[in-house]
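Peer 1: Listed below are the residues making up each chain.
2 protein chains.
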Amino acid sequence: MSEQAFQDCYPDELSHCYGCGRNNKEGHQLKSFWNGDETIAHYTPKPEHMAVPGFVYGGLIASIIDCHGTGSAAAIAYKNAGRAMDTSPPLRFVTASLKVDYKAPTPQGTVLELRGRFTEVKERKVCVEIDLCANNVVCAKGYIVAVMMPDSMDPNT
Amino acid sequence: MSEQAFQDCYPDELSHCYGCGRNNKEGHQLKSFWNGDETIAHYTPKPEHMAVPGFVYGGLIASIIDCHGTGSAAAIAYKNAGRAMDTSPPLRFVTASLKVDYKAPTPQGTVLELRGRFTEVKERKVCVEIDLCANNVVCAKGYIVAVMMPDSMDPNT
Numbered sequence: 351m352s353e354q355a356f357q358d359c360y361p362d363e364l365s366h367c368y369g370c371g372r373n374n375k376e377g378h379q380l381k382s383f384w385n386g387d388e389t390i391a392h393y394t395p396k397p398e399h400m401a402v403p404g405f406v407y408g409g410l411i412a413s414i415i416d417c418h419g420t421g422s423a424a425a426i427a428y429k430n431a432g433r434a435m436d437t438s439p440p441l442r443f444v445t446a447s448l449k450v451d452y453k454a455p456t457p458q459g460t461v462l463e464l465r466g467r468f469t470e471v472k473e474r475k476v477c478v479e480i481d482l483c484a485n486n487v488v489c490a491k492g493y494i495v496a497v498m499m500p501d502s503m504d505p506n507t
Numbered sequence: 351m352s353e354q355a356f357q358d359c360y361p362d363e364l365s366h367c368y369g370c371g372r373n374n375k376e377g378h379q380l381k382s383f384w385n386g387d388e389t390i391a392h393y394t395p396k397p398e399h400m401a402v403p404g405f406v407y408g409g410l411i412a413s414i415i416d417c418h419g420t421g422s423a424a425a426i427a428y429k430n431a432g433r434a435m436d437t438s439p440p441l442r443f444v445t446a447s448l449k450v451d452y453k454a455p456t457p458q459g460t461v462l463e464l465r466g467r468f469t470e471v472k473e474r475k476v477c478v479e480i481d482l483c484a485n486n487v488v489c490a491k492g493y494i495v496a497v498m499m500p501d502s503m504d505p506n507t
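Top line first, the protein sequences correspond to chains A and B.
In terms of the numbering used here, the first sequence opens at residue 351 and continues consecutively.
In terms of the numbering used here, the second sequence opens at residue 351 and continues consecutively.
In short, the hints are calculated from the structure, not lab data.
Hints may be right or wrong, so weigh each one.
No distinction is drawn between identical chains; accordingly, a pair holds when it is met within one copy or between any pair of copies.
The calculated lysine-lysine pairs, modelled on DSSO-like cross-linking and capped at a C-alpha distance of 27 Å, are [claimed, not checked]: (1) K396 to K475; (2) K472 to K375; (3) K472 to K396; (4) K475 to K375; (5) K429 to K491; (6) K381 to K429; (7) K396 to K429; (8) K475 to K449; (9) K453 to K472.
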């Protein structure tokens with residue numbers, strides 16, 4: 351596993367996301383890393399992130415899959431450009447489409463593992479499949495289509 | 351628009367969801383209603399629910415679409431059974447699959463409107479299409495497959 355999280359390489363002005371921004375103190379602050387050709391992240395939901403007592407609510411699952419997907423897309427874009435992730439100009443992706451299949455109830459009180467695999471990589475479009483596991487059981491499968499951030503959302507422009 | 355929110359009819363033990371449970375003090379407490387043959391909900395994201403400054407993060411959008419979808423599924427199930435929503439045994443749905451297409455950046459600082467339309471209604475499976483609008487612009491389209499809650503998640507069993 352690589353040592354620096356993808357999200358910790360984003361410039362400050364792109365680090366406010368509730369799901370993964372290091373500058374969002376109230377948010378989830380998801381951290382994603384390389385793990386061979388895959389990407390990996392771990393997150394432990396808070397007690398209030400429940401659907402019913404004992405199980406994680408679906409919105410949290412969708413949220414961390416989403417942020418792991420866009421982070422993974424940025425990481426492969428930098429990798430293919432032969433650039434370190436903390437170099438400018440930033441290569442930042444947003445979600446065009448997110449699909450989550452909920453395979454099994456996701457238990458609370460345990461760390462969740464997300465593993466991302468790239469299924470399509472173009473310069474401005476990256477598709478990632480993500481397994482979300484708890485206790486080595488796949489509880490949800492995510493599919494994300496990420497596209498280069500439009501200028502209209504970029505606080506640098 | 352009907353007067354009582356779907357989620358306010360759920361029994362106490364099924365009202366802990368972070369997205370829509372009235373007993374989850376930290377959560378979003380989404381409230382969904384009938385609006386003719388459609389369902390409707392309104393939600394104003396908090397300032398911290400950002401992707402980048404000025405725009406709502408995708409996980410929040412997925413979360414409220416998800417909870418509006420499962421709430422809508424419960425509502426049509428009660429309606430088709432000829433029962434009021436606050437009667438027992440509860441008819442409660444969970445998400446089998448959620449898809450969100452992000453059509454335009456969702457601005458912060460304005461109320462979001464969710465409108466649900468039923469595309470398939472069976473006794474144990476309900477499909478709902480949901481438009482999420484800000485300032486009358488469709489910013490995201492959601493598609494949810496909701497299924498009757500499995501006994502393994504039901505705190506009543």
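Peer 1: Does each hint hold? Answer for all of them.
Peer 2: Hint-by-hint comparison with the structure:
Neither within a single protomer nor between protomers do K396 and K475 lie at most 27 Å apart by alpha-carbon distance, with minima of 32 Å and 30 Å respectively. For a Cα distance limit of 27 Å, the shortest separation of K472 from K375 qualifies neither inside one copy, at 33 Å, nor across copies, at 43 Å. With identical chains, the CA atoms of K472 and K396 are never at most 27 Å apart, being 36 Å at best within one copy and 34 Å at best between copies. Within a single copy, K475 and K375 get their C-alpha atoms no closer than 30 Å, and across copies no closer than 39 Å, so neither meets the 27 Å cut-off.
In this assembly of identical chains, the alpha carbons of K429 and K491 lie at most 27 Å apart only when taken from the same copy (25 Å versus 32 Å across copies). In the homo-oligomer, the alpha carbons of K381 and K429 lie at most 27 Å apart inside one protomer (18 Å), although the nearest pairing across protomers, at 44 Å, exceeds that limit. Within a single copy, K396 and K429 get their C-alpha atoms no closer than 33 Å, and across copies no closer than 35 Å, so neither meets the 27 Å cut-off. In the homo-oligomer, the alpha carbons of K475 and K449 lie at most 27 Å apart both inside one protomer (16 Å) and across protomers (18 Å), since each shortest distance falls under that limit.
For a Cα distance limit of 27 Å, the shortest separation of K453 from K472 across copies, 20 Å, qualifies, whereas the shortest one inside one copy, 29 Å, does not.
Violated hints, in rising order: 1, 2, 3, 4, 7; the structure is consistent with all others.
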